[in-house]
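Chemist: As you go down the protein sequences, you meet chains A and B in turn. Going by the numbering used here, the final residue of the first sequence carries number 425, and the count climbs one at a time with no gaps. Going by the numbering used here, the final residue of the second sequence carries number 850, and the count climbs one at a time with no gaps.
Keep in mind that a hint or two might mislead.
If you want the footprint, here are the derived chain A segments under chain B, 3+ residues with CB under 8 Å [said to hold, decoys possible]:
| no. | segment |
| --- | --- |
| 1 | 101-112 |
| 2 | 225-238 |
| 3 | 306-312 |
Just so you know, these hints were derived from the structure itself, not from any lab. Ideal placement from N, C-alpha and C gives every residue a C-beta, glycine not left out.
2 protein chains.
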Amino acid sequence: MVRTVAHNIRAVKETGSDLDVADKTRDQALRERAQRVLPNGMYGHMAVRPRLPDAYPQFFERTSGCRMWDVDGNEYIDFICAYGPMIAGYGNERIRAAADAQRERLDMANGPPAALLEFAEKFTRQVSHADWAIFAKNGNDATTVCNMIARSRSTKRKILVCETAYHGSQPWANRMSRGTPPEEHVHYPTYRFNDIESVTAAADAASGDLAGIVVSTYRHDIPHTQELVDPAFARKVREICDAEGAALILDDVRGGLRLSLDASWSEFGIQPDLSAWGKAIANGEPLAGVVGGDHYREAAEKIFVTGSFWYQGAPFAAASETLDVLAETDAPRYMERLGQQFRDGLYEQAQRHGHGILQSGPPQMPMLQFEDDPDTKKGFAFCVNALRHGVYLHPWHNMFLSVAHTEADIEEALEGTEKAFAELA
Amino acid sequence: MVRTVAHNIRAVKETGSDLDVADKTRDQALRERAQRVLPNGMYGHMAVRPRLPDAYPQFFERTSGCRMWDVDGNEYIDFICAYGPMIAGYGNERIRAAADAQRERLDMANGPPAALLEFAEKFTRQVSHADWAIFAKNGNDATTVCNMIARSRSTKRKILVCETAYHGSQPWANRMSRGTPPEEHVHYPTYRFNDIESVTAAADAASGDLAGIVVSTYRHDIPHTQELVDPAFARKVREICDAEGAALILDDVRGGLRLSLDASWSEFGIQPDLSAWGKAIANGEPLAGVVGGDHYREAAEKIFVTGSFWYQGAPFAAASETLDVLAETDAPRYMERLGQQFRDGLYEQAQRHGHGILQSGPPQMPMLQFEDDPDTKKGFAFCVNALRHGVYLHPWHNMFLSVAHTEADIEEALEGTEKAFAELA
């Protein structure tokens with residue numbers, strides 16, 4: 001299992017007589033084609049700036065467990081999990097079998113299969129504050145539906161959001177890019193995470209017109225250092241919502257099921273009114289969801305939302321199996337332990353090699369930064385080194401553990417990061 | 426093949442000693458459970474009001490070709506195609522095999538498989554106005570991304586939309602339900618479809634601030650009678666966009682690939698700047714997309730959009746195979762011919778039974794209404810009759826043909842509708 005040969009990134013050649021082509025990796029060749037038919041050569045996660053260094057492959061060929069192979073055959077121990085979804089590992093056999101069995105019978109139809117209902121029942125039993133569910137495809141569908149339900153309960157309009165939080169790329173949630181008139185954010189005043197005064201001030205300013213407050217599992221907005229939620233802040237948000245009759249909306253899309261198998265804030269006794277889920281709930285099958293309490297049922301009944309694939313069957317079958325797999329493995333605690341093993345190893349290596357590092361967030365979703373590295377140059381260099389030694393890390397986004405990672409995988413990854421630290425100037 | 430036995434809807438009993446339960450169909454039993462964990466007992470298409478009559482099953486068990494079986498074992502010849510997606514039929518073997526092969530290698534990873542690029546190349550070659558593509562999950566993701574790109578080209582803010590058109594259920598597109606403050610529609614002035622004066626007036630009012638005009642393939646907004654686009658109207662919209670430097674955004678999500686294998690307005694020589702696709706492009710695998718011309722590439726490069734599953738591999742493999750299947754079968758013309766066969770048959774039957782019917786829209790996406798039926802009572806009764814004879818029609822939404830429908834299927838369906846007309850009071 002233990003890797004002994006350095007990766008041959010950029011070493012695999014395209015066949016063909018053209019000399020220009022002959023020096024390219026498959027990934028490079030695909031990227032050049034992509035420049036022609038995709039704006040910036042790629043949309044989505046891989047287009048977020050600052051872009052990942054060129055050494056990072058853009059196209060992938062195969063996945064298994066916690067491993068991923070790029071189109072040039074390079075193998076990586078992966079600490080991104082497709083940016084969250086693969087909580088039980090790529091190609092998890094039980095989950096894949098459940099999805100395939102549903103797909104074989106019925107994936108799409110004019111209405112859903114019973115699998116939708118079965119997952120709704122299972123998930124609302126598992127999540128303490130949940131009495132009902134609505135499902136969708138993107139995490140951002142779920143956060144948007146939460147806002148609609150919060151506003152549907154009254155005629156109040158304001159939804160408070162954390163000034164740098166990420167709740168999706170739809171215009172209301174997206175102040176990072178062109179393409180949205182500022183007026184579309186007029187009903188989304190901001191507060192600062194863990195800053196009680198700022199949330200109180202924003203709520204006071206919106207008082208009487210406050211429909212909801214959106215909070216993240218914890219502070220994981222890029223590229224900032226991650227910050228766990230202060231329980232006093234959480235309690236204050238709950239108090240404000242109660243006093244204003246506003247919905248506490250927990251965005252558990254990114255953090256959901258890794259910190260807790262319940263809504264994440266349950267861990268310290270705070271229940272949201274509505275919570276948004278996505279990413280990991282079906283282990284990579286496209287599914288998102290909103291769950292809420294009975295006191296928001298009537299409000300939820302008054303909105304209309306749909307999408308072409310929102311009844312798709314296979315993701316529901318995958319999701320039910322995912323919940324079983326996660327419960328059986330005590331997944332949050334398992335990933336916490338493995339994440340801590342990785343974190344401890346990185347700390348020891350960094351100390352020994354004389355690098356100051358900052359590790360933030362919960363161990364299940366670790367973030368690694370270097371001290372005195374304002375332009376992330378050192379972080380980029382370290383991650384490129386690790387990549388060449390078969391470890392796929394991220395220089396400015398939180399990473400993700402899965403239950404497919406084992407102690408042996410962490411040890412093997414640490415062999416790669418040991419070399420990566422050693423090679424760092 | 427030809428059906429001779431009437432359907433046993435509501436006749437299949439649940440096992441169990443409880444007398445209340447014993448009289449229920451499986452569908453009824455599932456619906457009662459759904460009332461507890463889903464607002465209104467169901468979200469999405471099946472929750473749109475007026476709801477389908479109770480005789481319509483809510484839960485389905487199996488699909489094949491143009492056939493669908495509900496959870497009580499009743500078989501239907503389906504004219505909804507999962508509300509559009511199943512253009513090549515449920516479980517199309519070639520498309521399913523392509524998707525499964527991709528899924529087996531890689532479905533989700535930190536970046537996409539080459540299949541994304543291959544589909545982008547194929548689709549932009551096929552669609553005349555397309556030089557680049559961005560992919561997403563919901564048709565509404567695609568229409569939203571079009572708006573963002575249109576606005577990203579300048580600082581203009583207004584996007585004209587047809588007053589009753591459906592472009593998705595996100596707040597900007599959704600004036601039908603509670604949950605959205607009216608201010609969110611301030612930059613979306615409306616015009617009336619095929620009404621040149623109304624679009625001219627709306628564009629004049631927005632002049633200087635007009636970022637784009639969104640148009641549908643044709644008028645298919647429910648529950649209105651369908652109306653094909655007047656080429657003079659289309660030319661005027663193109664002229665206004667050119668004069669204002671605004672984007673002509675064609676929403677081909679619902680109509681795409683059924684009227685044309687190119688962007689739908691190409692059929693009469695009008696090219697949009699941006700077009701939105703979804704539903705049928707991957708024959709039911711969840712995929713949506715935006716394509717645009719080179720003059721909007723820079724604007725597209727300036728926005729940031731993403732979603733957790735937007736790199737998912739299987740839908741791209743399915744989509745490439747779907748394009749091949751549709752090209753090989755000359756799909757739009759095939760579906761037009763079959764749709765016309767169905768339409769002619771329905772007309773003859775209605776005439777003979779003394780019912781005035783109104784059939785609107787292109788034959789590939791037919792809509793059936795009854796004259797003197799303002800409350801759709803007759804339409805509902807007819808559709809319930811047809812359902813009991815194994816034909817799944819829709820009383821107020823356009824229907825969809827597929828290339829899996831055959832002449833024999835249409836003949837068999839017409840045997841069912843013959844009985845449905847005969848039973849109509």
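Chemist: What are the numbers of the hints the structure violates, in ascending order?
Modeler: 2
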